[in-house]
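K.L.:
Next come the chains, spelled out residue by residue.
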Amino acid sequence: MKIDRRCFLSLVIGGAVGTTLTPVPWKLTDDIAIWTQNWPWTPTPEKGPSVYKKSVCTLCNGGCGINVRTVKGQAKTIAGQADYPVNRGSLCPMGISATQHLYGPSRIQSPMKRTGDRGQGKWEKISWAEAISTVSEKLAELRSRKKPHTVACIAESDRGTVPYLLQRFLTAYGSPNFIRTPSSFDAQEQALYLTQGKHGTIGYDLANAEFILSFGCALMDGWGTPGQMLSASADFKQKNKLVQVEPRLSDTAALASQWVAAKPGTEAALALGLAHVIVRDNLYNKDFVDNYAFGFEAWEDENGTVHQGYKSLLKQYPPKKVAGITGIDKGTIESLARKFSRAKHSVAICGRGSGMVPGGMDEALAVFALNALVGNINQPGGVTAIPEPDYWPEMQRDKTASNGMQQPRVDGAESDRFPNTRYLLNRVPEAINSAKDESPIQALLVAGGNPLYTMADTETAKKAFDKIPFIASFSTYMDETAQYADILLPNHHFLERYEDVPTPAGTPTRVIGLTRPVVETRHDTRHIGDTLINIAGSLGGFIENAFPWGNYEEFLKQTLAGQWDSLEKQGYWVDPEFMPPAWEEAFQTPSGKYEFYPSQRSNPSGKDADALPGFRQVELPGVQEKMPLTLMPYASARIAGGAVANPPFMTKTVDADVIRDGDVFVEINPKTAKEHDFSEGDAAVLKTPAGKARVRIHLFEGLMPGLVAMPVGLGHAAFSDYIAGKGANVNALLTDVTDPGSGLNAGWGSRASLVKA
Amino acid sequence: MTKQARHTKTKRYGMVIDLDRCTGCGACMVACYAENNVPFRKDESDKMLSLNWLRVFKVDNGKPFPDTEICYIPKPCMQCDGRHMEGHSPCVSVCPAVATDYDEPTGVVSQIYTRCFGCRYCMAACPYHARKFNWWDPVWPADMEKYLNPDVSARMRGVVEKCSFCYHRYQKARDSAYVEGRDEIAENEYQPACAEACPTRAITFGDLLNPEHEVYELSRSKKAFRLLEKLKTNPKVYYLTAKNWVRRKADNYLEGESPADRKPAHKAETASH
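Chains as they are written, first to last, in our numbering: chain A, 1 to 757; chain B, 1 to 273.
Simulated from the structure, these hints should not be mistaken for laboratory data.
No residue lacks a Cβ here, since even glycine has one placed at the ideal position from N, Cα and C.
Be aware that one or more of the hints could be misleading.
[Stated by the list, open to error] Each pair of labels, with its calculated beta carbon distance range:
hint : chain 1 : residue 1 : chain 2 : residue 2 : range
1    : B       : A97       : A       : R118      : 51 to 61 Å
2    : B       : L228      : A       : D83       : 39 to 49 Å
3    : B       : D137      : A       : I13       : 35 to 45 Å
4    : A       : S312      : B       : K47       : 54 to 64 Å
5    : A       : H199      : B       : Y253      : 54 to 64 Å
6    : B       : V179      : A       : N545      : 33 to 43 Å
[What the hints assert, rightly or not] Subject to a maximum C-alpha distance of 30 Å in a straight line, what follows is the list of computed DSS-like cross-link-like pairs (lysine-lysine):
hint : chain 1 : residue 1 : chain 2 : residue 2
7    : A       : K756      : B       : K47
8    : A       : K239      : B       : K63
9    : A       : K237      : B       : K222
10   : A       : K237      : B       : K243
11   : B       : K222      : A       : K330
12   : A       : K671      : B       : K42
13   : A       : K756      : B       : K42
14   : B       : K63       : A       : K263
15   : B       : K42       : A       : K674
16   : B       : K63       : A       : K321
17   : B       : K42       : B       : K243
18   : B       : K63       : A       : K237
19   : B       : K172      : A       : K72
20   : B       : K243      : A       : K320
21   : A       : K671      : B       : K172
22   : B       : K75       : A       : K122
23   : A       : K671      : B       : K232
24   : B       : K222      : A       : K671
[Said to hold, decoys possible] The following residues of chain A were derived to be distant from chain B, with all beta-carbon distances above 10 Å:
hint : residue
25   : L102
26   : G227
27   : D290
28   : P393
29   : S402
30   : R638
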């Protein structure tokens, strides 16, 4: 057909008119609009009045008071509880985003048993009756074979009613193996015992201190109670009272009035150097040292042997020598010592990073001694021992249980080698892996913590767990350890349950907080206290008799009857009678005084030098020639480094030069980068004696050359797709370094190498 | 009706963030995301597609170890006022759908999701990267829809979103003031989620025109400055710092030009209402 002008015009005009008249283009445009903006599919949350409920966050051991906004019974947003005596209204991002975990896909929704291989993730739902009978049959069988001591229980805390019920259960059952997960407070509490003769929670009155000397504590990134520290930060800053000792310009160092970049691992030397200056210049508190302290001067024991005192130990640490060890110049050491001793209330604190690793006893004792030198024990702005809760009911146990309790602990704590250490989870993998016959732990109850993520050298820990025939987890979330268990008995989420939270470590008053249900239980979960009562009931006999309560709530109310009114009304109870005792009555050591020479310290050599807190370089694993760099983990308030992983909101806040596209960035100084030919963003393999990980490079001037800093809390392998597989776990790259006298992990880092990927 | 709407004073809500107090903890960000139903993705380490209303940036002075200093800069929507406080904000001027508008009584720059058709001109115009685009429909896995705040509508793919100074909180406060027969709301009745959550109390919020509000004095302090002031966007988010190097980071300074030479940051008094 030939197209002439007339035909062409009629086609074009006809087409235009036709297109305009048919509904097709309009319908298509409309469809496109609807498709690009899916109105009906967006959720519309139910409206209703806001109801605010008070509770206490238990995501870490910090124990901050929270105020939860609920609408129609659902938790919406979380803020700090303004009058709560610990955090005073401040809350960390992890606490604020707790609703994401409450409603998120990481929850274990019912009791389950493993059907595939360990860690494979194949599970079958079971009833609570079956779950409880499976656990109690296993426990009954071990008891009938007279092996109750082969049961171990891991928990995150040893204080409060739930940890108490766990300990009570083990005692009635016959196992000494209650193990608290490691933290820097292991070392600090032991130092408290060695110097003051008391078991208790350590309290630092930072609010009333005029000068705070922090030996690497990540005060702004999770140390102690995060909410409390954050709320105090403005005070630290305005009053210029914080000095931070650390090789990395952390958020805490940035806030401090002075950043002292000492070489990592030399903190004890610096503390001794400061003490040297204070004693040399007679700047110490003579009243305290002369009248209430022991072992400052040389002393004679009952056999007439003369022992070296702390004062003569300090002679070995003149500023010049300490400057050589720490890399801090002499003048800074001198001026720091003078500032510390001249301020009205000075306090020195320890616990590297967010306090996940105990650290060595020398360091803790050397730092404690600084506080004693200025007499800042049980004073405003000083260090106080907060007594442990002691309101527990009596119980009786049978012969099997008594015999079991006589057995040595699996982890070697409280043994002749480590007499003053109460828990040594870090030694459990070796105890199992080196056992000739069967594993010394035949059944493991994981009632808190997430050891297969948080322990150093997680691969070795996993190997040890492989040899434990029976692992039960009470975890709320499908964490790394729960994923490796045989049976899951999920606890309620903390926003769904009752629990008491006694004085968090670092808090200078005696408080109890009440965690309580703010929403209804969402899944087929059960309170761990109730589960324990059920298991005890099904084991029968003395064990059942030790648990005479109908349920956990009844036990809780009975135990805290005196405080219940206040707990119910305010959400907390503060001991109105608690006053730090005067120096005359404060110390329960053999000498009845504060011990500069810790006479109870485990000291097989018998040498004074080994009892006194001198400086001994911690030998990091690895050969320096092959691994010229030093890996140092660092804490960040935006990354949860503990048992519970970051919810998506938290990962959203993390900068693109910390994590990006699944890769974690390690910080190195530009100088180090130049030496090793790295530039910003390069992919690399980070190797340590414990393992290797794919990382990327971020150049940061604020890090000491030669170090590699890696954030703690990434690289989870469990929880859910929203959490797993982002970055690498720094714990897997670290190795346990046993502190000689205490057995605690003194390993603050590892030798490492970086190779281009 | 027994009550009659009476004239209320014009407000210019603004924020003052003390950078010398901020420790970069991230509580403000998380509180914002929870309050405003900000969506998240399965892989939040994918920073190209991660969406947020408030980010806290880390900057350093670039000096070698150990003279390095760092500072955190929280960055919400700047709620630009335009040259003469008339709301001639970069995003408002370019929006072809009136989806983003300037609220005369409060000075808050709005974002109306039902009007937005996703052309993203506003994102191109915004010099602060305060605006984010929903490339996908948000998904709240498991029961996570249950925590959504009923006061803020969830968005859908194809729209732009940004910080609103928690305007829904203003509406609520105004409503309850109205019910109680009051014309004005108190300073503490309207606080955005980030200011409320800040554990270090670095964020102060209020009416920049009201001498009784804390922000009035703070925004007029010698330490106050704003981001990219040379663009004359006239933001209502002020920052405080005593450090000159931080101020230099906040704008493009010529060689030899110092932030100290600049005129005081505050322009709010020129408001003509």
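K.L.:
Tell me, which hint numbers fail for this structure?
P.N.:
6, 11, 12, 15, 17, 20, 21, 22, 23, 24, 25, 26 and 30
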